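With these hints in hand, go ahead and build the complete structure from the sequences.
Protein chains in written order, with my numbering: chain A, 367 to 654; chain B, 4 to 290; chain C, 6 to 259.
No lab work stands behind these hints: they were computed from the structure. Be aware that one or more of the hints could be misleading.
[Said to hold, decoys possible] Here are the simulated lysine-lysine pairs, DSS-like style, with alpha carbons at most 25 angstroms apart:
no.: 1; chain 1: C; residue 1: Lys150; chain 2: C; residue 2: Lys98
no.: 2; chain 1: C; residue 1: Lys98; chain 2: A; residue 2: Lys450
no.: 3; chain 1: A; residue 1: Lys450; chain 2: B; residue 2: Lys221
no.: 4; chain 1: C; residue 1: Lys151; chain 2: C; residue 2: Lys98
no.: 5; chain 1: C; residue 1: Lys36; chain 2: C; residue 2: Lys70
no.: 6; chain 1: C; residue 1: Lys69; chain 2: C; residue 2: Lys36
[Claimed, not checked] Derived coverage of chain A by chain B (criterion: at least 3 residues anywhere in the stretch with Cβ under 8 angstroms from a Cβ of chain B; other residues may be distant):
no.: 7; region: 439 to 450
no.: 8; region: 457 to 463
Since this is a predicted model, take the numbers as computed values, not measurements. Glycine included, every Cβ here is placed at the ideal spot set by N, Cα and C.
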Amino acid sequence: MIDAYTSQVLTFIGINSILALSLYITALAGQLSVGHAAFMGIGAYTSALLMTRLGWPFFLTTACGALMGGVFGFCIGLPTLRLKDLYLAIATLAFNIIWVVMLMNIEAFGGALGIFNVPKVTNNWTVYISLGILLLFFHRMQDSRLGRAFRSIQEDEPAARAMGVNAVYYKVYAFTLGAFLAGYAGALYAHFVTFISPHDFEVDRSIEILLFVVLGGAQTFIGPVIGAVLLTLAPEVLRFLAEYRLLVYGLMFVVIMLLRHEGLIEEDTFSWKRWSRTFRREGRAGAP
Amino acid sequence: MLAQQLVNGLTLGSTYALVALGFTLVFGILGMINFAHGEIFMLGAYIALLLVTMGGFSIFWALIGGMVGAALLGMIIERVSFRPLRNVSILAPLISTIGLSIFLRSLAQIIFGAESTRFPVSIKTEFFQLGPFQISLLQIVILAISFGLMAIFQAFIKKTKIGKAMRATSESLYTAGLLGIPVDRIILLSFAVASALGGVAGILLGLNFNAISPLMGKMVGLKGLTIIILGGMGNITGAMVGGLFLGFVEVLSVGYLTSSYRDAVAFALMFLVLLIRPTGLFGRVVR
Amino acid sequence: MPALLEILQVTKVFGGLKALDQVSLGVDEGKIFGLIGPNGAGKTTLFNLISGALPVSSGRMFFKKEEISRLPDYRICRMGIARTYQNIRLFGKMTVLENVMVGQHSRTQAGLCSTLLRLPAERAENARARQTAEEWLEFFHLTAKKGDKASSLAYGEERRLEMARALSTEPSLLLLDEPSAGMNLQEVRDLNELILKVRSRGKTILIIEHNMRLIMDICDHIAVLDFGQKIAEGPPAEVRADSRVIEAYLGKEA
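Dropping the structure here:
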């Protein structure tokens with residue numbers, strides 16, 4: 367139906383979208399993580415090892431990958447509760463770096479070379495069905511107790527607590543959930559690229575995921591997905607730029623911050639009301 | 004052996020201290036982190052390299068040139084990433100500087116290639132013996148310059164009118180403005196000073212290891228971040244002591260642990276400090 | 006007869022500063038209790054202690070006969086104490102309706118699974134929460150704005166929204182922190198009416214105010230704080246005539 371290349375790009379778009387959403391959910395509760403690649407890697411390694419060493423089936427290994435991601439997310443999220451904004455970002459960054467170094471020194475898990483011959487089980491069906499369920503969840507979360515709890519914490523945590531929201535619980539929840547999803551994406555990733563090493567999950571990757579959310583905007587749940595789509599396609603589109611690719615990539619963020627720092631997608635980007643207002647105005651201006 | 008390591012640690016640490024000072028100065032004034040500071044450090048070294056290899060200048064002029072170049076770069080970054088964005092959110096300048104660091108790093112890679120280059124040093128390899136410590140001429144030069152700059156910086160910040168203006172702006176941007184301090188210019192100047200220090204550190208580190216590469220800024224940038232967390236963000240003494248401390252720790256851990264753990268040690272310490280005493284060992288500047 | 010809220014010898018120390026010094030008072034059910042005093046007297050600090058935002062340094066507090074001295078703020082809210090803030094703290098990017106629905110958080114329980122699966126129980130619960138929220142919006146004349154962002158409201162509307170939000174937590178005791186700040190005469194009169202209406206719904210109200218007219222008009226009982234200590238307490242007329250109170254306010258116009 368579609369050629370192998372397009373299929374591959376689609377898979378990466380799907381996995382990156384899940385990653386973007388995994389970061390979005392932690393951001394929703396007001397927490398910024400710059401170490402999400404570590405959780406992705408934890409999921410990737412768990413799933414890869416369980417399948418290559420123990421021969422477990424795909425659905426089980428990915429579930430375990432996600433779970434491991436969640437466990438680590440909980441372990442990191444809980445002690446870092448008191449940290450805000452910049453400090454939390456730096457702490458998660460530190461965790462990412464430490465994790466990679468530790469992994470590189472554990473020979474049992476492949477050390478610096480990584481794991482080869484991971485069975486290629488991931489296909490677009492798995493990825494997109496998962497993404498679909500995730501999107502449904504976020505859509506349903508908009509008008510839900512859970513969604514409002516997260517958002518109120520992001521807006522003003524003490525006020526949210528005064529209104530009965532157990533902020534500690536929800537912050538750890540959001541963080542764990544984000545790590546869980548990142549772990550799941552990592553497992554999908556491992557069984558697609560068939561070879562993983564600690565270098566795949568370094569800070570660069572965490573920043574890449576962060577940029578999905580920054581580009582697309584964290585106003586709505588569609589934003590991060592759009593960001594992931596655009597940034598996954600960009601290297602393909604910008605291929606002709608060869609080694610100048612990164613120059614453009616880096617410069618892009620400087621420009622975006624100057625022009626539209628909240629990201630591309632705003633809350634009413636997809637609402638009929640907002641666009642019809644623009645057209646009405648223009649129509650009136652054109653009238654004599 | 005230990006004595007030698009101490010000297011090495013001091014030398015390395017003094018360059019780290021300069022980098023950390025750059026970070027802490029910007030944080031103290033704006034409450035934000037310049038993620039491209041590591042790249043300024045790296046480009047300072049390359050500017051000096053160019054001056055020496057292509058311009059035929061002596062190492063002394065290369066140092067000055069590197070400092071000036073780095074300062075200019077810092078001011079450009081302030082205008083592009085901080086002035087338009089600092090009132091928008093804390094995150095926006097951060098993201099912008101992340102983008103800039105990626106841009107600058109790949110720019111350097113395109114211009115200078117990805118491998119490391121030797122730093123042509125015109126300083127004789129000569130060793131001196133001071134009791135149990137053996138120290139090379141190069142190390143003496145590095146230490147002299149680093150500590151000299153730190154001393155000048157301290158005096159500048161404490162005694163000069165501009166230094167006081169910087170401290171006032173650190174305490175409260177708003178009040179400083181009300182008092183008639185040209186806040187925008189002071190911030191620009193702070194960036195210039197911070198970047199100059201970073202640039203010099205790059206040159207000194209290049210001299211120390213006799214190698215510079217386009218990627219050297221990344222790790223050092225992250226380590227600079229660690230140092231100011233350890234020492235207290237915005238705290239000048241903390242940055243200097245923290246830098247020295249990290250230098251010692253790194254040198255010692257290379258000696259007694261495998262080198263790949265060396266980097267992790269810094270970050271593990273930082274993580275612990277964030278959990279246990281987020282204000283850092285010397286206390287952070289309250290914003 | 007034990008009061009709804011009992012505060013016994015409560016002290017709060019910040020570093021070297023004693024913000025509250027051995028303050029005791031009791032708020033009876035169904036009453037409107039006023040808390041007045043010069044700026045910096047410790048009134049908002051007392052609110053912060055009662056609502057659980059800050060821990061007491063010493064002393065005890067009881068609500069409905071249960072000790073609340075060491076409980077976290079979200080638990081205290083669940084027990085039935087809600088508050089508004091002196092410098093309004095709304096959830097700006099959320100809509101007016103959503104702000105009030107957050108108040109219903111502790112009276113509902115849907116979690117992740119029920120959200121994802123849209124279980125009938127979750128849908129019913131969400132609908133009920135929305136209805137309660139809309140009722141309070143109606144009460145405070147904010148229904149027209151329910152879909153607007155909270156940050157787009159006018160000042161007076163913001164104050165009313167905060168009250169609606171607090172009331173939607175279904176409290177027994179409502180803490181109001183200077184609700185009339187920045188209001189003109191007519192607005193204060195409207196506020197008076199609203200507060201009395203709230204009381205008639207069975208709520209007990211503890212109110213910090215500087216506006217003496219409001220205090221005298223609606224309070225059943227008043228306590229006066231100065232420099233962290235309670236210097237007087239009693240019915241409005243009595244307190245007003247108390248020489249210590251007049252002294253504390255010397256130079257301050259009512």
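So, going through the hints one by one against the coordinates:
| no. | hint | verdict |
| --- | --- | --- |
| 1 | Lys150(C) - Lys98(C) | holds, 14 angstroms |
| 2 | Lys98(C) - Lys450(A) | holds, 20 angstroms |
| 3 | Lys450(A) - Lys221(B) | holds, 24 angstroms |
| 4 | Lys151(C) - Lys98(C) | holds, 13 angstroms |
| 5 | Lys36(C) - Lys70(C) | holds, 17 angstroms |
| 6 | Lys69(C) - Lys36(C) | holds, 14 angstroms |
| 7 | 439 to 450 | holds (count 4) |
| 8 | 457 to 463 | holds (count 5) |
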